[in-house]
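Respectively, the protein sequence lines represent chains A and B. Okay, so the first sequence: first residue is 1 according to UniProt numbering, each after it adds one. Okay, so the second sequence: first residue is 1 according to UniProt numbering, each after it adds one.
Everything labelled a hint here was simulated from the structure, so no lab data went into it. Treat the hints with care, as some may be off.
Given that identical chains are not distinguished, each listed pair holds provided it fits within a single copy or across any two copies.
Okay, derived cross-link-like pairs now, PhoX-like style, lysine-lysine, Cα gap no bigger than 25 Å in a straight line [unchecked claim]:
#, residue 1, residue 2
1, K225, K103
2, K185, K346
3, K225, K89
4, K265, K346
5, K353, K252
6, K316, K48
7, K316, K89
8, K264, K346
9, K282, K256
10, K225, K114
11, K166, K133
12, K290, K225
13, K48, K313
14, K166, K310
15, K89, K124
16, K48, K282
17, K20, K185
18, K110, K225
Number of protein chains: 2
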Amino acid sequence: MTRVFNFSAGPAVLPEEVLKEAAEEMLDYDVTGMSVMEMSHRSKAFEKIIGDAEQDLRDLLNIPDNYKVLFLQGGASQQFAMVPMNLMKNRVADYLNTGQWAKKAIQEGKIYGKIDVIASSEDKTYTYIPDMKDLKISEDADYVYICHNNTIYGTRFTELPETGDKILVADMSSDFLSEPVDVSKYGLIFAGAQKNVGPAGVVVVIIREDLITDDVLPGTPTMLKYKTQADNKSLYNTPPAYGIYICGKVFKWLKKLGGLEVMKKINEEKAAILYDYLDSSKMFKGTVVKKDRSLMNVPFVTGLEELDKKFTKEAKEAGLVNLEGHRSVGGMRASIYNAMPMEGVKALIAFMKKFEEGNI
Amino acid sequence: MTRVFNFSAGPAVLPEEVLKEAAEEMLDYDVTGMSVMEMSHRSKAFEKIIGDAEQDLRDLLNIPDNYKVLFLQGGASQQFAMVPMNLMKNRVADYLNTGQWAKKAIQEGKIYGKIDVIASSEDKTYTYIPDMKDLKISEDADYVYICHNNTIYGTRFTELPETGDKILVADMSSDFLSEPVDVSKYGLIFAGAQKNVGPAGVVVVIIREDLITDDVLPGTPTMLKYKTQADNKSLYNTPPAYGIYICGKVFKWLKKLGGLEVMKKINEEKAAILYDYLDSSKMFKGTVVKKDRSLMNVPFVTGLEELDKKFTKEAKEAGLVNLEGHRSVGGMRASIYNAMPMEGVKALIAFMKKFEEGNI
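Chain A extracted, bound-state conformation:
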């Protein structure tokens, strides 16, 4: 068995010790005589798994008591509909357009009401976060929506828009648990698990209790009401149990590591050495305005498509895989999520240096 360094943007690398534990427990979880996959979601064993997962997540993010934690299905894309279906009382919302995923959320929002795009970086292929000094927030907006980290373009919000008394909603799929977050600034945070937290098929929702009501848009499916899921502690129907179990293991791994302050420091160090190299390289260039650079997704180019291809091909042969940029932008992208070890980033930089020397 040889493990590669996997720079995939998601589904993405998971901590090796989490996978090892899961493999060991596959046929017999904690002396139950069965796999977590075979376990009733109403069993004591699974109740403990999902209970621990919630508590560990609360501990990690210091989630205030007036917020619920939900483990749902359908990914971020389903949240693009659930958010307006549940929160759009006036049928108006403001969105910041910082990339393809924000844009998809905007399109979905338009099914349900009037969407005002109050800031956008589309003019420069989303290579920066728009200035937020003079945001014109709609008076009757039900919420303001951001995509906190933009996986494809490699940008992130380092400060938040001033939304006053408006609810702030954030898609944190690609930087969830990469650093501490002041949850109280948000009305709702959601994150697809398959980047920083676990396998695809689980989306984590953290929602302020007063936003959980029966007053949803007509035609909202029972499954898509936050109230259904909150009232039933994510067990209205069978949840994605195995995925939740893996997420729970990742939460425990993070706690053991020292929590999100420690994780943040490691992530900053990993990102710093990669960006430093990019800034010094004559061949490779980062594509993002410096102040808005993501700690999680690092896109870069050589400027020559042929050379980009040669690079990703040879990197793959060297065990550094999934370095291709998103099909919509090309170039390269190294996703260096929580579970990517420092040695993986160092191996990447070493390989880039060697490639640069050999291809002048």
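Since the structure of chain A is provided, determine the placement of chain B on it from the hints.
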């Protein structure tokens, strides 16, 4: 490691060799150097996994070419909404009420239109399948809906309602792949994976192509349109990849076993010895009308609540677990899905006999 015999109604027992393979491949799937959980859903490796899963399912069920196979999220409960949102053009549909899951589907359908319950067995706690000779199918019904096997009550349809030119929709969650099915009789079949097919978090939909249109109810989320999922081969967004991988392994296991004719024969044999014993026992009684007995879920009672409890407790101590009936009906239930081996059923019967002798 000791495995138990797990009679859970779902999530339920999986073939041991499937779990063993999954454990072995956890850190390195097919020389990719990564787990299936860490793999891009757009990678060649995953494309093969989902492609094989679809083809193997098509082979097993002999699915006609004019049907699409979709691997979705949200379970059967989300299908309760997706079916009307996509198929209810006249806002009228006919449902047969044969249990709690049919009833939930009816309640959900009422969000979207007029539901006629054209047959019901609610009068006798759903212990039989209603007579279907004189079904009054609504003239303008968009479809007729059945729950093919009723997990809680242990009944199943052995023949189908005559629906003429009306679309027949079936929830097959609890008997999917337990025997061959003539797919061409249905417009749409769906099945939550967590009973007979794989882990929770995947629902399989088999839908006739002409039913896949953009003409859905207003307000239908993009994710909940069959057309979105069909056009993107279940990859509109990140699918529940690991669950699909396990389902694919179960499909291969079924093919190796000889396919659904062989599986049916085994299931009939397992059910026959258990029902034969129930019919001969002085202590235990089956609760379902004989002709409608499920091959998958076998509910039974002693008639004394105390004795039921003693039985499930002692059975558990003997490694025969999850024999409690559904919380809404009590008593006992043995779910004997595909992956429950004959030796498990024999062990159960032997234990029941011993218990009966010891508790006269």
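Okay, the hints, checked on the actual structure:
1. K225 <-> K103: Cα proximity of K225 and K103: in one copy and across copies (23 Å, 19 Å).
2. K185 <-> K346: neither (35 Å within a copy, 59 Å between copies)
3. K225 <-> K89: Result: close both inside a copy and across copies, 14 Å intra and 24 Å inter.
4. K265 <-> K346: within (16 Å within a copy, 58 Å between copies)
5. K353 <-> K252: Answer is neither: 36 Å inside a copy and 45 Å across each miss the 25 Å cutoff.
6. K316 <-> K48: between (40 Å within a copy, 19 Å between copies)
7. K316 <-> K89: neither (50 Å within a copy, 51 Å between copies)
8. K264 <-> K346: Answer is within; shortest intra-copy Cα gap is 18 Å, inter-copy 56 Å.
9. K282 <-> K256: neither (40 Å within a copy, 56 Å between copies)
10. K225 <-> K114: both (21 Å within a copy, 22 Å between copies)
11. K166 <-> K133: within (16 Å within a copy, 59 Å between copies)
12. K290 <-> K225: neither (40 Å within a copy, 40 Å between copies)
13. K48 <-> K313: between (45 Å within a copy, 21 Å between copies)
14. K166 <-> K310: Answer is neither; intra-copy 48 Å and inter-copy 57 Å both fail.
15. K89 <-> K124: Neither: 33 Å inside a chain and 43 Å across chains, both beyond 25 Å.
16. K48 <-> K282: neither (53 Å within a copy, 39 Å between copies)
17. K20 <-> K185: Cα proximity of K20 and K185: none, with 37 Å in one copy and 45 Å across.
18. K110 <-> K225: Classified as both; 19 Å inside a copy, 16 Å across copies.
The structure shown violates the earlier hints numbered 2, 5, 7, 9, 12, 14, 15, 16 and 17.
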